[in-house]
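Asker: Listed here are the chains, written in short residue letters.
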Amino acid sequence: MNIKRTMELLSRWLTLASFVGVVALFLPAPAQAEYADVVINNYADAAGMRPVVFPHWYHRIRFRCKVCHADLGFQFKAGGNKITMAKIIDGQFCGACHNGEISWSVENCGMCHSGVPGTPTQIHGSTVQRLVAPAYKSLGDGKPADAQDKPADKADAKPAK
Amino acid sequence: MNSIVKVIAMMVAVMVPAASLVAAETQATKKSMELKEVDSDANKVSTANVFNRLLKKPKQKNAPPPEDGIHDPDNEGSHVLQPPLVSYEGLPTTEFGNYVDWVQSLQKGFLNPRYDRVDPTVEALVMDLDIVREVKASMPDVIFPHKPHTQWLHCSNCHPKIFIPQKGANQINMSAILLGQKCGVCHGKVSFPITTLSCKKCHSKPKPDDWKPPLSSASVKNPWR
Numbered sequence: 001m002n003i004k005r006t007m008e009l010l011s012r013w014l015t016l017a018s019f020v021g022v023v024a025l026f027l028p029a030p031a032q033a034e035y036a037d038v039v040i041n042n043y044a045d046a047a048g049m050r051p052v053v054f055p056h057w058y059h060r061i062r063f064r065c066k067v068c069h070a071d072l073g074f075q076f077k078a079g080g081n082k083i084t085m086a087k088i089i090d091g092q093f094c095g096a097c098h099n100g101e102i103s104w105s106v107e108n109c110g111m112c113h114s115g116v117p118g119t120p121t122q123i124h125g126s127t128v129q130r131l132v133a134p135a136y137k138s139l140g141d142g143k144p145a146d147a148q149d150k151p152a153d154k155a156d157a158k159p160a161k
Numbered sequence: 162m163n164s165i166v167k168v169i170a171m172m173v174a175v176m177v178p179a180a181s182l183v184a185a186e187t188q189a190t191k192k193s194m195e196l197k198e199v200d201s202d203a204n205k206v207s208t209a210n211v212f213n214r215l216l217k218k219p220k221q222k223n224a225p226p227p228e229d230g231i232h233d234p235d236n237e238g239s240h241v242l243q244p245p246l247v248s249y250e251g252l253p254t255t256e257f258g259n260y261v262d263w264v265q266s267l268q269k270g271f272l273n274p275r276y277d278r279v280d281p282t283v284e285a286l287v288m289d290l291d292i293v294r295e296v297k298a299s300m301p302d303v304i305f306p307h308k309p310h311t312q313w314l315h316c317s318n319c320h321p322k323i324f325i326p327q328k329g330a331n332q333i334n335m336s337a338i339l340l341g342q343k344c345g346v347c348h349g350k351v352s353f354p355i356t357t358l359s360c361k362k363c364h365s366k367p368k369p370d371d372w373k374p375p376l377s378s379a380s381v382k383n384p385w386r
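Residue numbers (the working numbering), protein chains in the order written: chain A, 1 to 161; chain B, 162 to 386.
One chain only, chain A, in its complex shape (with noise of 0.2 Å):
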């Protein structure tokens, strides 16, 4: 008899359970990070660094979208501006700003390398991401940055469409 109603508020109790699981599957999504972030991921995971996530709308704020993509050189292509350290301190691409004079210097690594470890180049947020995904492949194979600026990386540099 006491085996037999514990068996009964067992299996009650059980059927709550799963159908709180149930519930817990439809729970919304977790939080989005900011549209057209730019994650960048080419030599960061060799390199034991966490991966650049470039946010535009803080720098939309303050330049015209010509500034970078016309004066500075920046390709309309996530990952696909090969940028490096070396170039960064001596003053391509982001070190054009990012050189303690327009802006702060790259001794604050964390403020740039900030994403989760592992994340993929992507743009955030966008429509070819979620209809053909992944849109670009990491340029980098492994092997530290030093040992990627070769003539053969022009093979690898395809554009994605």
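Quick caveat, the hints were computed from the structure, so don't treat them as lab data. Warning: the hint list may mix true and false statements.
Calculated pairs, BS3-like style, for lysine-lysine (alpha carbon to alpha carbon, straight line, at most 25 Å) [said to hold, decoys possible]:
1. Lys361/B / Lys297/B
2. Lys222/B / Lys297/B
3. Lys167/B / Lys297/B
4. Lys362/B / Lys343/B
5. Lys328/B / Lys297/B
6. Lys343/B / Lys366/B
7. Lys322/B / Lys82/A
8. Lys77/A / Lys343/B
9. Lys343/B / Lys82/A
10. Lys322/B / Lys382/B
11. Lys77/A / Lys322/B
12. Lys322/B / Lys308/B
13. Lys4/A / Lys362/B
14. Lys269/B / Lys373/B
15. Lys328/B / Lys308/B
Selected chain A positions facing chain B (in silico; Cβ < 7 Å) [claimed, not checked]:
16. Leu10
17. Cys65
18. Lys66
19. Thr127
Treat the numbers as computed from the prediction; the structure is a model and nothing was measured. Backbone N, C-alpha and C define an ideal beta-carbon position, used for all residues, glycine too.
Place chain B on chain A using the hints.
Answerer: Then chain B, alone, in the frame of chain A:
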């Protein structure tokens, strides 16, 4: 005895997935489990509607960096980064993208981003020229306005790599745009995306009242006509 075994088996079957789900839960989902009215200007949504996972809750939009799923919360730098909503205060809003109307913000003077990297006084080279592209079907014609685009971009950003500057030389359709070609190089990545709410931003010139859809070539060539 047999039923006890069944019960234990059911317990294991429920606990394992439930435990993994609980482990995967984030802050946002935990908060939304509390049944309360989420009151905001955007939408008054009761969290009793948790089954509708497509309904975006207001607090998920423009989340601060440590909570937005892409920035690593274990990184000190993520907590120093400015949350977007701090900057967006007062800017005109839209219902898509990152919910800020950048073009209006510039035209109404809320923002004045630099046109030159070092010199804040350089004026933008703006060209005011509307290109009308006729749509074959009943959707309103597309008006492409050069003015808001040239306020932000330079001619070389689009011409001639993306758009050939000649009438009739560019084949553009919605599939191409959604796949990231032509207009989709920016719209759907950085500029406002294609959503059902944003159709009218491009398709803004309605057909005239006496417009009839074109006949198919089969109808026109019909030997019995």
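Asker: Of the numbered hints stated previously, which ones are contradicted by the structure, given in increasing order?
Answerer: When the structure is compared with the hints, numbers 2, 3, 10, 13 and 14 turn out to be violated.
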